[in-house]
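Engineer: Make the full structure from the sequences, and use the hints.
Here the protein sequences line up with chains A and B, keeping their order. So in this note's numbering, spot 253 of the first sequence is number 246, and the numbers just go up one at a time. Position in the second sequence (first residue = 1) + 23 = this note's numbering.
You may find that some hints are simply not true.
[Stated by the list, open to error] What the simulated footprint calls covered on chain A by chain B, stretch by stretch (three residues with Cβ under 8 Å from a Cβ of chain B suffice, anywhere in the stretch; the number is not a length):
id: 1; region: 165 to 176
id: 2; region: 190 to 204
id: 3; region: 213 to 227
id: 4; region: 339 to 345
In short, the hints are calculated from the structure, not lab data. For glycine and all other residues, C-beta sits at the position ideal for the given N, C-alpha and C.
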Amino acid sequence: MAEPTAPAATTTGLATEATARSWRRSTLVWMLVVFALFLILALLGLAMRLVQGEIWTALPPEVFYAVLTLHGLGMVGVWYVGAMAGVSYRLARFVAPSRAVNRLAFGGTLLGVVLLIAVTLFGRFGTGWYFLHPLPFHSGGVWPDWAVTGFFASLGVLGVSWTIWTVDLLRAIARRYSLGGALAWHVLAGREGPATPPFILVTTATLISALAAFVAAVVVLVLFVVEWLPTGVANDPLLMKNLIFFFGHGLVNITMYLGVALVYDLLPEFTSRKLATNRLVAAAWNLAIFLVLAVYFHHLYMDFVQPRFLQYLGQIGSYLISIPAAVISIFSTLYLVWKARVRWNLTSLFLFFGVMGWAIGGVEAVIDSTIAANFRFHNTLWVPSHFHTYYLLGVVMMILAFAHHLGEETSGLPANGRLGRWTTGLFLAGGYGLVLLFALAGADSVPRRYSNYPAELIQGVDYARVSVAFIALLLAGVLLYLWEAGRRCVRGLSA
Amino acid sequence: VTAGGARAGCRQRAASGCSVARSPLASLLLLAAAAGPALAADPAPADRRSADGTAASEQGAGAVVVAADEPDLPREDERIYARVFDAELTDAAGAPRRLSELWRRRPLIVTLVFARCALICPPYLRSLARAVDAVGGAGEQFDVVVLSFDPRDTPEEMAALAVRLGLDGEPGWTFGTTSPAAAAGLADSIGAWVRWDPAGVAADHPAMLAAVDGGRLVRLLVGATVPPRRLREVVWELRHELVPSYPLPSERVLFRCFRYRPETGGVAVDWGFLLLLAPGAGMLLGTLAIFGGRPARV
Chain A
-6 MAEPTAPAAT
4 TTGLATEATA
14 RSWRRSTLVW
24 MLVVFALFLI
34 LALLGLAMRL
44 VQGEIWTALP
54 PEVFYAVLTL
64 HGLGMVGVWY
74 VGAMAGVSYR
84 LARFVAPSRA
94 VNRLAFGGTL
104 LGVVLLIAVT
114 LFGRFGTGWY
124 FLHPLPFHSG
134 GVWPDWAVTG
144 FFASLGVLGV
154 SWTIWTVDLL
164 RAIARRYSLG
174 GALAWHVLAG
184 REGPATPPFI
194 LVTTATLISA
204 LAAFVAAVVV
214 LVLFVVEWLP
224 TGVANDPLLM
234 KNLIFFFGHG
244 LVNITMYLGV
254 ALVYDLLPEF
264 TSRKLATNRL
274 VAAAWNLAIF
284 LVLAVYFHHL
294 YMDFVQPRFL
304 QYLGQIGSYL
314 ISIPAAVISI
324 FSTLYLVWKA
334 RVRWNLTSLF
344 LFFGVMGWAI
354 GGVEAVIDST
364 IAANFRFHNT
374 LWVPSHFHTY
384 YLLGVVMMIL
394 AFAHHLGEET
404 SGLPANGRLG
414 RWTTGLFLAG
424 GYGLVLLFAL
434 AGADSVPRRY
444 SNYPAELIQG
454 VDYARVSVAF
464 IALLLAGVLL
474 YLWEAGRRCV
484 RGLSA
Chain B
24 VTAGGARAGC
34 RQRAASGCSV
44 ARSPLASLLL
54 LAAAAGPALA
64 ADPAPADRRS
74 ADGTAASEQG
84 AGAVVVAADE
94 PDLPREDERI
104 YARVFDAELT
114 DAAGAPRRLS
124 ELWRRRPLIV
134 TLVFARCALI
144 CPPYLRSLAR
154 AVDAVGGAGE
164 QFDVVVLSFD
174 PRDTPEEMAA
184 LAVRLGLDGE
194 PGWTFGTTSP
204 AAAAGLADSI
214 GAWVRWDPAG
224 VAADHPAMLA
234 AVDGGRLVRL
244 LVGATVPPRR
254 LREVVWELRH
264 ELVPSYPLPS
274 ERVLFRCFRY
284 RPETGGVAVD
294 WGFLLLLAPG
304 AGMLLGTLAI
314 FGGRPARV
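Structural biologist: Dropping the structure here:
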């Protein structure tokens, strides 16, 4: 395995100390915004479990669904931008992304988030994060027309700014690397050539996949708007569902892969071993670009009009994608720490357990993508267990690890080992308790997306009540983390 | 909910689904029924109240009565999983029963009619009987309960109705009568109503059946005829099996990805499928545009 090539200073985005400081500051601001939104959205999650547990009865169902929509869409968006900001910062050591585009993405994200908060909390827009067609147009008198317009405007602003951001990062990579170089095709072919750092390989493969997701978003948004305008045109719900999950599942996948890119880049700094791109790693991530296009079909198993070959493709694709992306990354992580000298602190602990959480969530994903199992599980709380595992206990931990590392690096405050272990322990105990309760409730036939459980599903109330205790533990971990990382990031701003 | 739901009774109205009133022949029958004392065994009691509690004598005069507050046809989506009124009834053999006693044994298909109905009830019940026969499973997977909402009907008259329909002794079929209060409670819980004409001869009521599982309403079928295909879905529901349903896109749809043929269950690729290929194509073209033509150094 070859050492990653250190980029020449003149080719990077950190060409001068001033630009390096500017990148640090803008990334710190991104992270502080992510922290704030994470805390708010997590509290909304707690509120929903309190309502389901009948501990808090003052929240009417229509507000619950608006909160559910904000929590879901907000979390997906927050961690996407968190991952993009982190990757942009680390990428600037190799290539030169545009700081102007980074600022544009920041502004677009803030505007989009404000619109999203307005349409959900004030407009009661409550379609869920997947906004399946034709739900936005059928409010049942709950949300007004302006909320629908505002929602599409929010998606439009976010979509445009994130697409530009993605294209800019690819453009920056393309200025230094050829496509074959960035995707390590020479390694695949067994030819000699300049080393492709795993971080560059994973980031390039992921951003290329992101292009597909954003094209799907553009198509679905245009179709929604055409129907929303008085054109008399309607859309095929099945086509819209395909496109929405192409985009939605793609965005979640991309976020996770960007988190893994950060692990590839950061974790070696804490161990006595280094990672390099070998043929297996190169093959895995090249394959992942195409497999990402097929896996979303597992969201449509219930749609019997979807041709059977696409359903099988969804199952096979979901199985296959776990090999290149997850298994390779898990083995790489274990290789880095197994009997190695590891400097364990909050950053390395979160990176390591983030990959392990991703692995556990991945096992749930494979089960859920099995058609026979999906027919039983899909509309139960099993699914929230699955995506909270690989999100909250996977990619979220990876991005939080990056943010802590950035704060430590910029503030000069060394990591507190004792607090780091407490933070990790509370985060893991609370997080795994939360997802375990979701999984048990799912196995006990408790459906998802219910604000209140009827008498037949009364067991859902008990699961929700117990989970509140674990959420309290999780929030304690989050607050400790925010104290540790937040004050470092704030101090880093003035450094 | 099955389209083309029917109202039976003394009203002539332009509301959709009122198939009886739309037909000229039916309209004539309607008027005849309302005006013809020969069809009435005895006049309506002055204190008779319809299922929704409105006094028949308050509903206006004349042969054709249009209430100011015309109820809409019941909608399944508004009543799904509602608790069904546990009505007391007397079966055709004169034995007292409760609906809950029946639904604890197996799921029910419940319908409300009246024995002397000369309009929609007989053809509707014959259609239901044919559909039940075609689908199968009565008496094993579900029971059918035909209840009269007319307080004048006796168990003997309901037994005679069963005989006329050829359902006497058929497994799974229960004919019976119930009290006005129980009929009103049951009708209200499944979204039905009964409004008698002033003469008490004909009644405005929807021809409909309610599928009841464990005391909850799980399906409604509204319509003067009961297509076996629709009833089969109801029975699937009662057997806790997946009922596949797909709203066929209207002609206003620009693009559809797949064209579904309900008669064969087959699926064909349509033009909208190209839109599903667009993201992949955009990814490839975008990647080539970004990386192509740049003087990359590595």
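Engineer: When I compare C-beta atoms, does the region 339 to 345 of chain A have three or more residues closer than 8 Å to chain B?
Structural biologist: violated (count 0)
Engineer: Are there three or more residues in the region 190 to 204 of chain A whose C-beta lies closer than 8 Å to some C-beta of chain B?
Structural biologist: Holds: 3 residues of the region 190 to 204 of chain A have a Cβ under 8 Å from chain B.
Engineer: According to a criterion of three or more residues whose C-beta lies within less than 8 Å of a C-beta of chain B, is the region 213 to 227 of chain A covered?
Structural biologist: holds (count 5)
Engineer: Count residues of the region 165 to 176 of chain A with a Cβ under 8 Å from any Cβ of chain B, then say if the count reaches three.
Structural biologist: holds (count 8)
Checked against the numbered hints above, the structure breaks only hint 4 and satisfies the rest.
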